[in-house]
Amino acid sequence: MNLSSEDVAKVALLARLRLGPEELATYTEQINEIIHYVEQLQQVDTAGVEPLAHGVEVRNVFREDRRHESLPREQALGNAPKRNHEAFLVPAVLQ
Amino acid sequence: MDPLGATISGLLDGFASGAFSSEEAVRAFADRIEAHNGKLNAVLDFDPAHALEQARAIDARRAQGHDLGPLAGVPIAIKDNICRRGELTTCCSRMLASYRPPFDATVIRRLHHAGAVILGRLNMDEFAMGSSNETSCFGPARNPWDLERSPGGSSGGAAAAVAASLAPTALGSDTGGSIRQPAALTGVVGLKPTYGRVSRYGLVAFASSLDQIGPFGREVADVARVLSVIAGRDPMDSTSVDRDVPDYLAALESKPDRPLRVGLAREFFSEGLDPEVESAIREAARVFEAEGATVSEISLPNSKHAIPAYYIVAPAEASSNLARYDGTIFGHRAEDFEPKTDAEKDLPALIRMMMASRAEGFGPEVTRRIMLGTFVLSAGYADRYYVQALKVRRLIRDDFDRAFQNVDVILGPTSPVPAFKVGEKLSDPLAMYLLDVYTGPANLAGIPGISLPGGLTKSGLPIGIQLQAPAFAEETLLRAARIFERATDWHTKRPGLV
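Going line by line, the protein sequences match chains A and B. Counting from 12, one number per residue, gives the positions in the first sequence under the numbering used here. Counting from 51, one number per residue, gives the positions in the second sequence under the numbering used here.
Because the hints were derived from the structure by calculation, they are not lab data. Accuracy of the hints is not assured; some may be wrong.
[Unchecked claim] 30 Å max Cα-Cα, derived BS3-like pairs, lysine-lysine:
id, chain 1, residue 1, chain 2, residue 2
1, A, Lys21, B, Lys89
2, A, Lys21, A, Lys93
3, B, Lys508, B, Lys305
4, A, Lys93, B, Lys395
5, B, Lys441, B, Lys471
6, A, Lys21, B, Lys543
7, B, Lys471, B, Lys305
8, B, Lys89, B, Lys543
9, B, Lys390, A, Lys93
10, B, Lys508, B, Lys471
11, A, Lys21, B, Lys395
12, B, Lys471, B, Lys89
[Said to hold, decoys possible] Which stretches of chain A does chain B cover? Using the computed rule of at least three CB atoms under 8 Å from a CB of chain B, they are:
id, region
13, 35-48
14, 75-82
All C-beta atoms, glycine included, are put in the ideal place defined by N, C-alpha and C.
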């Protein structure tokens, strides 16, 4: 497996990251190095082994479906980079 | 009696006997921070006013004879990724430079309830991604044993602060070794509890199936006391486990009916292990035997796969968790998101805003891990990388399950090397990742681990020894740690910082 800089640019777009040309070259090299290193896992025989998503497996944790207090609007908006009196503001979504 | 040199037990005794008040203790630590933090960069923008006010309130309640909590008046510093209402919580990232959470993490609520005094926030690697505290947007923390060296990471500020007596105890978080490795490199005690033992509510998520909050202290009793306060089920974290919280402090001196069984994994003594660290581990095994424990060789054959598995699972989860930082609801937003290339001209303004905000907000290590995680989860590659890593993860846990049929705890190194120089490993991401070789497996398996001071190198740097125990066997883990501590004096060594 070897990723080209086009592959890495595609990953950057998927990850919503903007890379300059120099960064793209650096990350392509570094990510290839890491991918080559983790490639060794392909040698491990995992036939019949179930994937383990959590070390301590907890299943079906339920709680009462009850209404409770939620964050007041002013606090919810408190960290907004851009807002008006009632909403988060973002660049136009529909053109 | 001097509060600066005291353990939590010593502080509580001092408060009870009237040797000093909580306010005097907080003032002593505040002065110490003022005097030494400039060279350590462990504590971030500390204003003692609020801590002093909290301490005075506790002192007043004590004077009135009220029942006080188990940590009443004890100052504790907090890693910068644990949310405190209205206080900056930045993960040492430009992305969260002005973030003030509207809520307290559950551990913070529990500390307040126990009467602890929050002493400020601590430097760390950006979003806890790093093993040297060098990826922090506030610059590296320094190791008090040698200011040219790193205190380790990601909880480097916490370890440096406790080692240099800027705080008697601290909370950190451990995703692949981020409590234990810096504890080892600075000669303090650091505990990573079992996954699910401590609520993660309010811990800024890095890799949700691996992250766990835990304490730093000067001695085993310190971390036992703090764990007793922060452990327990929390309805706000569905992965926190509903099990009784024992009195961990009482467990330290309890006498089990049979000798402790210590396992030493043959895989630990591999290439890359510093010879002085290796001697310290072999010596620790002799100490356990001299104290009546049995030491036997065990095998963890899949532990050699832990680092590659970890560096797939952790970035995968990180790429998903950090998707929330997109400049819309909180965190950094770029001012300028005009297209920079022809390709960007076709993207909607909203997407360009997100991309520019993330590019400005995240440092290189965070960017690298998000990219790596996005790749290993992407269509066509998820089975080959992510799913295979999860299968290997089960093999790693099965190894531990098998080993713990014959031993109570596993003894080994915490870090393969003692403290390294700032700048020595930063340019080589893979070399940095390999530092997690002995700590990553416990996070993948969910089991608890503790790092203890276990020696000094010839050049005077601390060496950490690690003990690991089965899930929820913290009582056994802490008791075993205490056996070693009682028989040695490494935990009493302090850096000659002036």
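A quick look at each hint next to the structure:
1. Lys21(A) / Lys89(B): Cα-Cα ~42 Å, so violated.
2. Lys21(A) / Lys93(A): 29 Å, holds
3. Lys508(B) / Lys305(B): Between Lys508(B) and Lys305(B) the Cα gap is close to 36 Å, so the pair fails against 30 Å, i.e. violated.
4. Lys93(A) / Lys395(B): Holds - the C-alpha atoms of Lys395(B) and Lys93(A) are around 23 Å apart, at most 30 Å.
5. Lys441(B) / Lys471(B): 36 Å, violated
6. Lys21(A) / Lys543(B): 52 Å, violated
7. Lys471(B) / Lys305(B): At roughly 42 Å apart (the allowed maximum being 30 Å), Lys305(B) and Lys471(B) break the hint.
8. Lys89(B) / Lys543(B): 20 Å, holds
9. Lys390(B) / Lys93(A): 23 Å, holds
10. Lys508(B) / Lys471(B): Holds - the C-alpha atoms of Lys471(B) and Lys508(B) are around 16 Å apart, at most 30 Å.
11. Lys21(A) / Lys395(B): 16 Å, holds
12. Lys471(B) / Lys89(B): OK: Lys471(B) and Lys89(B) at ~15 Å, within 30 Å.
13. 35-48: This one holds; 7 residues, not fewer than the three required, reach chain B with a Cβ under 8 Å.
14. 75-82: violated (count 1)
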